[in-house]
Amino acid sequence: MAHLILQGFAASLSPVNVALMALGVVIGIVFASLPGLTGAAAMTMLLPLSYGMPAVSAVLLLIAIWNAAVWAGAVPAIVMNIPGTSAAAATLLDGHPLAMKGHAQRAIRTSIIGAFVGSIAAAIALLFVAPLIGNVVIYLGPAEIFAFASFGLTLVVSITRGTLAKSIISVLIGLFVGTIGFAPSGFARFVFTPNLLSGVALIPALIGLFTFPELINLIHHRRPRIVQVEPSNERDLFLFRAQDWARHWFNFVRSAVIGVFMGIHPGAGPTISSFITYNEARRVNKSDPPFGEGNIDGVIASDTGANAAVLSGLIPAFTLGIPGSVDTVIIIAALTLHGLQPGPTLFLQHAAFVYTIFTGAFVANILMLVIGLFAARWTAKLALVPTRFLLPIVTVVALVGAFAVNNNWFDVLIALLAGLLGYGLRSMGISTVPLLLGLILGPILETNLYQALQVYGSIWAAIFTRPIALAFLLLSVGSLVHALISRRHHKVGTDVV
Amino acid sequence: MTRLGEKVGYAAMIVGAAVLIYVSRSYALQDGAYPHIVLALLAILAAVALYNSFKASQQDLQREEAATEPKAESGAMWHVVIYIGLTLLFILSWNWIGTLPAAFLFSGVLVVLNGERRIWMIIALPVLLTVVLYVVFQSFLYLPLPRGFFLR
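Chain order of the listed sequences is A and B. Taken in order, the first sequence gives residues 1 to 497; the numbers are from this note's numbering. Taken in order, the second sequence gives residues 1 to 152; the numbers are from this note's numbering.
None of these hints come from the bench; they were simulated from the model. Some clues are possibly wrong.
[Unchecked claim] So the derived list for chain B, only partly shown, Cβ under 10 Å to chain A, looks like this: (1) Val15; (2) Leu20; (3) Gln30; (4) Met77; (5) Ile84; (6) Ile91; (7) Ile97; (8) Gly98; (9) Leu110; (10) Asn114; (11) Val127; (12) Val136; (13) Ser139; (14) Phe140.
Just so you know, even glycine gets a beta-carbon here, dropped at the ideal spot from N, CA and C.
Can you make the complete structure from the sequences, with help from the hints?
Here you go:
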């Protein structure tokens, strides 16, 4: 195995592969920073071009884009309170308050270091435990995925500020919107126009929910935008000193381990992972300022957790051929495009290829760290763009981005309607973050519940014969009860994100 | 938002959930049970929140308002209405004059409405934005942006 790892490093460090991965990192950062454009869009766009490259180069390019895009979604979340990706919705909870206090650069730099640590943990898991974990994943079925999704929903309810009832209302609206379109049985529900047959598109809804309320707030309240970032002559050494690592190392490690575990499980992915790791950090951490008001540990946890779930998503994809997300589907497509079949035989027949990809993940992460740190100073300054310029630029780019997802004009209307809904809810003191999670997890929840009922006959049989599912459902109940008790004991503020 | 606005919001949720349950009453159990449970829970929680908002004392109201958002400037609501109206007009105009010309006009109007008075900036920003949209979305991503009647 050692010689395969060394061979892998030698191949992934070839000038062509390094240049392609650096290009992938830049593309991933640019795409995730623009509302509406995602890493998956960039990967899809470059997939046909990758056909002309060697298989290793093609897959490394796609992985570099994916990994960088999941991190870079945090940049607009921190600077503008608009998450570039759904996984970055957890980052804005503390990242944006930090930026509002004039620490945008520190928050961005912390998020990139968190993403780097998470990605390195996932790369280690890829390298050393992928074949072992692959054997375990095969035993996780719809009951477990249903339980994971339930846990994700209760966690987001418990971590959102405001009353419990308001958070649950937000989740329920998201769950309902997620039922629009085809039911798991194939029946079309709440389809008032043919454009809704495939449901409400996630990215346009995400753009609307987070972009328009923020822009309307700027106009309505003439809210003071961020007026300063860290002075460029004063070097902020946070996370460059040993004492900071001594204080935060456990948060990094815990978030990375949870993120890797969540990434391995198909269907969980970076979004659920970032919320779970954020909640764990919030539960343990009692330092000032409180979570939700600019605690740096919130940024560390969410970004470490999100990126740890990216590369670890390759474990079931490579070992079993099970894609856990759209991004892994694209990578599997790239493999098959080059005549490679994902699954256990991939390790036996193409071991050199597999280990080059796994070691290349380390190189892609280092490139992401270097480019991300280099860009942090300039991306933080986006916070200083005056409202009169920001408003037209963000509105136009967001709406064209909403169109870009499916080349569908109706999605642009969806974005505007979601924006008005988001503004109305925020005005009522209801956060839109649980709504987003409800929209993402609703179809996963219902489909897996439906499948579990088909397989086990009843919900009780599905739960009580599957200990992992039972454990996560108990954790879901515990998380709700804990949220209820903690809200009764401590008056929770009414700020919303 | 005023207390009245909040009450209207919760009432709209209750009515909306009831209407959606009514229009989907003919769905088979396997297709209708899950959304009906979600909508029923939403209606119940919205009713509880509505009741609480009636029950809340004036003192609670003042404390909450102080904690949530700064007071809007007078006339700011009109700015919001104009912004939403212009955005809707922008979206609708894609199919008439095309996305890129619409983006040029829309961004120019927004820059002026938000207080920019320097002529070169009023022209430069829409031009730059339109060029970026053309290069990124149309030339690089081959996105078939609506071209409107004129360019068809």
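(request) Would you pick out the hints that fail for this structure and give their numbers low to high? (result) Going through the list in order, the structure violates hints 1, 7, 8, 11 and 13 and respects the others.
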